[in-house]
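So the sequence lines, in the order shown, correspond to chains A and B. Quick note: to get our numbering, add 8 to the position in the first sequence (first position is 1). Quick note: to get our numbering, add 469 to the position in the second sequence (first position is 1).
Worth flagging that the hints you see were computed from the coordinates, not collected in a lab. No experiment lies behind these values; they were computed from the predicted model shown. Be careful, since some hints might not be right.
Said to hold, decoys possible - Pair by pair, the computed Cβ-Cβ distance ranges are: (1) ARG509(B) <-> TRP80(A): 45 to 51 angstroms; (2) ALA113(A) <-> ILE575(B): 30 to 36 angstroms; (3) GLN473(B) <-> PHE240(A): 24 to 30 angstroms; (4) ARG509(B) <-> PRO108(A): 28 to 34 angstroms; (5) GLY170(A) <-> ILE570(B): 20 to 26 angstroms; (6) PRO216(A) <-> VAL554(B): 43 to 49 angstroms; (7) LEU163(A) <-> TRP477(B): 19 to 25 angstroms; (8) LEU563(B) <-> ALA113(A): 46 to 52 angstroms; (9) LEU563(B) <-> GLY47(A): 23 to 29 angstroms.
Stated by the list, open to error - Result set (DSS-like, lysine-lysine): computed pairs, CA atoms no more than 27 angstroms apart in a straight line: (10) LYS130(A) <-> LYS528(B); (11) LYS241(A) <-> LYS130(A); (12) LYS130(A) <-> LYS23(A); (13) LYS130(A) <-> LYS15(A); (14) LYS528(B) <-> LYS23(A).
Quick reminder that beta carbons are idealized off the backbone N, C-alpha and C, glycines included.
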Amino acid sequence: MTTSSAKNLFWQGFKSGVPFTLVIFPVGMLFGVFATEAGLSIIEALSFSIVVIAGAAQFTALQLMIDQETTWIIVLSALAINLRMAMYSASLTLHIGSAPLWQRALVTYLTIDQSYAVSATKFANDPHMSRQDKVIFFLASALPVVPVWYIATLLGAVLGYGMPSWLSMDMALPLVIAAMIGPMLTNRAHQYAALTGTLVALALNMLPLNLGLFLGGICGMIVGTETERHSFKKQTIQK
Amino acid sequence: MIDQTIIWPVIIAIGIGSFALRFMFLGPVGRTTMPEWVQRHLRYTAVAILPALLVQMLKGPTAIDPDARMIAISAILLTLLVSYVTKNLILATLAGGLVFILYTQIF
Chain A
9 MTTSSAKNLF
19 WQGFKSGVPF
29 TLVIFPVGML
39 FGVFATEAGL
49 SIIEALSFSI
59 VVIAGAAQFT
69 ALQLMIDQET
79 TWIIVLSALA
89 INLRMAMYSA
99 SLTLHIGSAP
109 LWQRALVTYL
119 TIDQSYAVSA
129 TKFANDPHMS
139 RQDKVIFFLA
149 SALPVVPVWY
159 IATLLGAVLG
169 YGMPSWLSMD
179 MALPLVIAAM
189 IGPMLTNRAH
199 QYAALTGTLV
209 ALALNMLPLN
219 LGLFLGGICG
229 MIVGTETERH
239 SFKKQTIQK
Chain B
470 MIDQTIIWPV
480 IIAIGIGSFA
490 LRFMFLGPVG
500 RTTMPEWVQR
510 HLRYTAVAIL
520 PALLVQMLKG
530 PTAIDPDARM
540 IAISAILLTL
550 LVSYVTKNLI
560 LATLAGGLVF
570 ILYTQIF
């Protein structure tokens with residue numbers, strides 16, 4: 009399309025991402041502080057944020073490292089948290105699957121909750137966007153968020169490096185993780201998924217290899233999907 | 470606190486794994502087919518696993534001091550409530566943190 013349309017889409021995308029900066033910055037700082045308090049070096053904390061760009065997975069890995077879990081369980085748990093990224097990938101392929109590899113690789117690296125959420129909404133509302141425009145919009149939406157994540161992590165890491173750990177690390181991390189859950193409980197499906205995960209993990213807490221966690225995740229996934237399916241059916245019937 | 474030797478392997482493994490997850494369908498250009506019903510489940514992994522993780526923190530081997538457990542649970546529930554109502558992560562963390570600190574300082 010024309011250059012003016014490209015610039016237009018860029019700024020639209022960028023503006024869509026800006027509101028998230030308000031949340032990403034403090035959370036990034038929190039991660040930096042907790043990471044260095046837990047014993048990571050500043051480089052390690054920053055690298056974590058650059059390489060993964062996913063707060064929930066990063067905090068989870070941190071907590072499990074503190075708990076002295078075995079390495080592959082830490083990795084699997086963090087990746088389990090990030091499974092929704094595969095769903096994002098499938099969804100994005102419909103829109104930009106035919107783009108050149110370098111563009112797809114860039115989109116892949118910058119696939120985060122925020123860029124996906126605003127882009128999915130935009131693509132749904134504007135079905136006649138060109139593939140080129142979609143790529144531009146997506147990448148632009150990640151631009152205000154991702155560098156802020158890096159910088160906030162760095163700042164937090166530097167801050168936390170010199171700080172004595174008077175913050176009860178025992179409680180600080182669980183509280184942050186609890187605080188992440190609230191905003192995720194957007195509808196019945198998510199709420200029931202969370203409840204199920206909790207109950208199953210409680211019941212199966214004695215199992216080795218963190219199986220209680222994974223089984224809680226699987227059961228929660230199933231309950232969430234079924235609830236989504238049933239509410240969708242109810243909606244279509246009412247029509 | 471943390472075993473220093475595992476940090477880089479963990480970071481790299483999660484990084485590669487996350488990239489693979491994000492690239493799964495975009496990369497091979499749809500060559501990887503996953504039935505749609507499986508895909509729909511993926512949305513709920515995070516929201517199901519994070520609470521399960523919390524449960525483990527409260528009951529696991531390196532868990533919070535058992536005497537402080539009741540107040541810890543209360544603080545966590547408060548944080549959950551505040552984060553659900555305000556959608557503000559920092560506020561919620563501060564709320565729970567404050568309650569916990571106050572309680573443990575006073576008693």
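- Item | Enumerated hints in conflict with the structure, sorted upward | Hints 1, 2, 3, 6, 8, 10, 14 contradicted; others consistent.
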